[in-house]
Amino acid sequence: MRRDFSLGNYSCDDVAGDVELTRFDIERDKRYSIPWIKLAAAVRGGPHKLFISPWSPSGWMQTISPG
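The opening residue of the sequence shown carries number 1 in my numbering; numbering runs sequentially from there.
I should point out that these hints are in silico values taken from the structure, not numbers from a laboratory. Note that the structure is predicted; figures quoted are calculated from it, not measured. We put the CB at the ideal spot given by N, CA and C, even for glycine. You may find that some hints are simply not true.
Claimed, not checked - Derived Cβ-Cβ restraints for the label pairs, each shown as a range:
#1 M61 x G8: 14 to 22 Å
#2 S33 x I64: 28 to 36 Å
#3 T63 x K38: 35 to 43 Å
#4 F51 x K30: 19 to 27 Å
#5 S65 x K38: 34 to 42 Å
From just these sequences and the hints, can you work out the full model?
Take a look at the structure:
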């Protein structure tokens with residue numbers, strides 16, 4: 001079974017120029033994703049595999065190079 005725990009796009013640091021990631025915040029993951037992952041891990045019949053997807057940096061961290 002595949003589940004996507006995100007109902008939309010979000011970022012852990014949307015503060016432009018925060019290259020030190022001082023505003024990095026995973027409270028959303030602590031509140032929504034991690035509890036579900038822990039519940040899944042507690043289900044008998046394991047071991048279970050957890051697939052994660054690569055992240056994409058916030059827009060302010062990206063540069064667009066000419067093709």
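Does the hinted range 19 to 27 Å hold for F51 and K30 at CB? holds, 20 Å
28 to 36 Å as the expected CB spacing between I64 and S33, which holds or is violated: holds, 30 Å
Can you let me know if the beta-carbon spacing of S65 and K38 is within 34 to 42 Å? holds, 41 Å
Range first: 14 to 22 Å. Now tell me if the beta carbons of M61 and G8 are that far apart. holds, 19 Å
Whether the CB-CB distance between T63 and K38 falls inside 35 to 43 Å: For T63 and K38 the Cβ distance comes to about 37 Å; the hint holds.
In this structure, every one of the numbered hints holds.
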